[in-house]
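Chemist: Residue numbers (the working numbering), protein chains in the order written: chain A, 270 to 383; chain B, 513 to 620.
Don't take every hint at face value.
[What the hints assert, rightly or not] Here are some chain A residues the structure puts well away from chain B; computed CB gaps all over 10 Å:
1. M296
2. L344
3. D376
[Stated by the list, open to error] Rough simulated footprint, nothing fancy, chain A against chain B, three-plus residues with beta-carbon under 8 Å:
4. 522-530
5. 586-593
[As the list claims (entries may be wrong)] Label pairs and their computed distance ranges (CB to CB):
6. B:A529 / A:E321: 24 to 34 Å
7. A:S349 / B:E619: 43 to 53 Å
8. A:S353 / B:D569: 32 to 42 Å
9. A:G332 / B:D569: 38 to 48 Å
10. B:S565 / A:S381: 39 to 49 Å
It should be emphasised that the hints constitute simulated quantities derived from the structure, not laboratory data. All values reported here derive from a predicted model rather than from experimental measurement. Glycine included, every Cβ here is placed at the ideal spot set by N, Cα and C.
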Amino acid sequence: NAGVTQTPKFRVLKTGQSMTLLCAQDMNHEYMYWYRQDPGMGLRLIHYSVGEGTTAKGEVPDGYNVSRLKKQNFLLGLESAAPSQTSVYFCASSYSEGPGQPQHFGDGTRLSIL
Amino acid sequence: RKEVEQDPGPFNVPEGATVAFNCTYSNSASQSFFWYRQDCRKEPKLLMSVYSSGNEDGRFTAQLNRASQYISLLIRDSKLSDSATYLCVKGGGNKLTFGTGTQLKVEL
Numbered sequence: 270n271a272g273v274t275q276t277p278k279f280r281v282l283k284t285g286q287s288m289t290l291l292c293a294q295d296m297n298h299e300y301m302y303w304y305r306q307d308p309g310m311g312l313r314l315i316h317y318s319v320g321e322g323t324t325a326k327g328e329v330p331d332g333y334n335v336s337r338l339k340k341q342n343f344l345l346g347l348e349s350a351a352p353s354q355t356s357v358y359f360c361a362s363s364y365s366e367g368p369g370q371p372q373h374f375g376d377g378t379r380l381s382i383l
Numbered sequence: 513r514k515e516v517e518q519d520p521g522p523f524n525v526p527e528g529a530t531v532a533f534n535c536t537y538s539n540s541a542s543q544s545f546f547w548y549r550q551d552c553r554k555e556p557k558l559l560m561s562v563y564s565s566g567n568e569d570g571r572f573t574a575q576l577n578r579a580s581q582y583i584s585l586l587i588r589d590s591k592l593s594d595s596a597t598y599l600c601v602k603g604g605g606n607k608l609t610f611g612t613g614t615q616l617k618v619e620l
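So that you can see chain A by itself, here it is in the shape it has in the complex (with noise of 0.2 Å):
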């Protein structure tokens, strides 16, 4: 059962380097998400899907871009990393079917912008 996987699991970047985060789920769901957490922030939500091909801001866009073309895979983008981006990003995902489901989380990824 891989349920939601991340990749890569460890990155170091400079700065002004960009890179793609991939989360893949296998438990067709409909919602996937993009959080990043820092210590004593919690989890913020970065961006979100409600379905292939759309995808929505959430708390902390800026800096970020998304892409959904296929229902298993959402991607995060860096464009242009900066230092405030060092964090520990997750990917999560849930059914759509009732209000404020669940979501299963991947095991992060912990990327450095040095």
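Let chain A serve as the given structure and place chain B on it in line with the hints.
Modeler: This is chain B only, laid out in the frame that chain A set:
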């Protein structure tokens, strides 16, 4: 004011103790509530949903008080393996809002 507020702890308790965490939330329109558990450097995992009538899962009991806008989690007979951070979560619409977590350390 944060939408979900928790005491960060840490709560240091001996093995076998009973410990309770509370969490307060704003926005009475919130429709669903959960407790998640997060181990150090791991992903959050759903511990249990929270219902107004109160619900129990083994040693864990969750309670929701909509009038006072708080959620509680009670852990009985604490185990060393219960050591983790417990996240209070509220849901509404398409999104969940997470508290910053309460750290529990169960000691011998």
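Chemist: If a hint holds in the structure, say so; if it doesn't, say that too.
Modeler: Going through the hints against the structure:
1. For M296 (chain A), the non-interface assignment is confirmed: its Cβ lies about 13 Å from the closest Cβ of chain B, beyond the 10 Å cut-off.
2. For L344 (chain A), the condition that its CB be more than 10 Å from all CB atoms of chain B holds, with the nearest at approximately 19 Å.
3. Remark: the non-interface label on D376 (chain A) conflicts with the geometry, its nearest Cβ contact in chain B lying 5 Å away (cut-off 10 Å).
4. Residues of the stretch 522-530 of chain B lying with their CB closer than 8 Å to a CB of chain A number 0, which falls below the three-residue condition for coverage.
5. For the stretch 586-593 of chain B, the assignment as covered by chain A is violated, since 0 residues bring a beta-carbon within under 8 Å of that chain's beta-carbons and 3 are needed.
6. Roughly 48 Å separates the CB atoms of A529 (chain B) and E321 (chain A), a value that falls outside the hinted 24 to 34 Å.
7. Checked against the hint of 43 to 53 Å, the pair S349 (chain A) and E619 (chain B) passes, with Cβ atoms roughly 46 Å apart.
8. Our hint of 32 to 42 Å for S353 (chain A) and D569 (chain B) holds, since their Cβ atoms are close to 39 Å apart.
9. A beta carbon spacing of about 39 Å between G332 (chain A) and D569 (chain B) agrees with the range 38 to 48 Å that was offered as a hint.
10. One distance hint, 39 to 49 Å for the beta-carbon pair S565 (chain B) and S381 (chain A), holds here, with the actual separation near 46 Å.
Checked against the numbered hints above, the structure breaks hints 3, 4, 5 and 6 and satisfies the rest.
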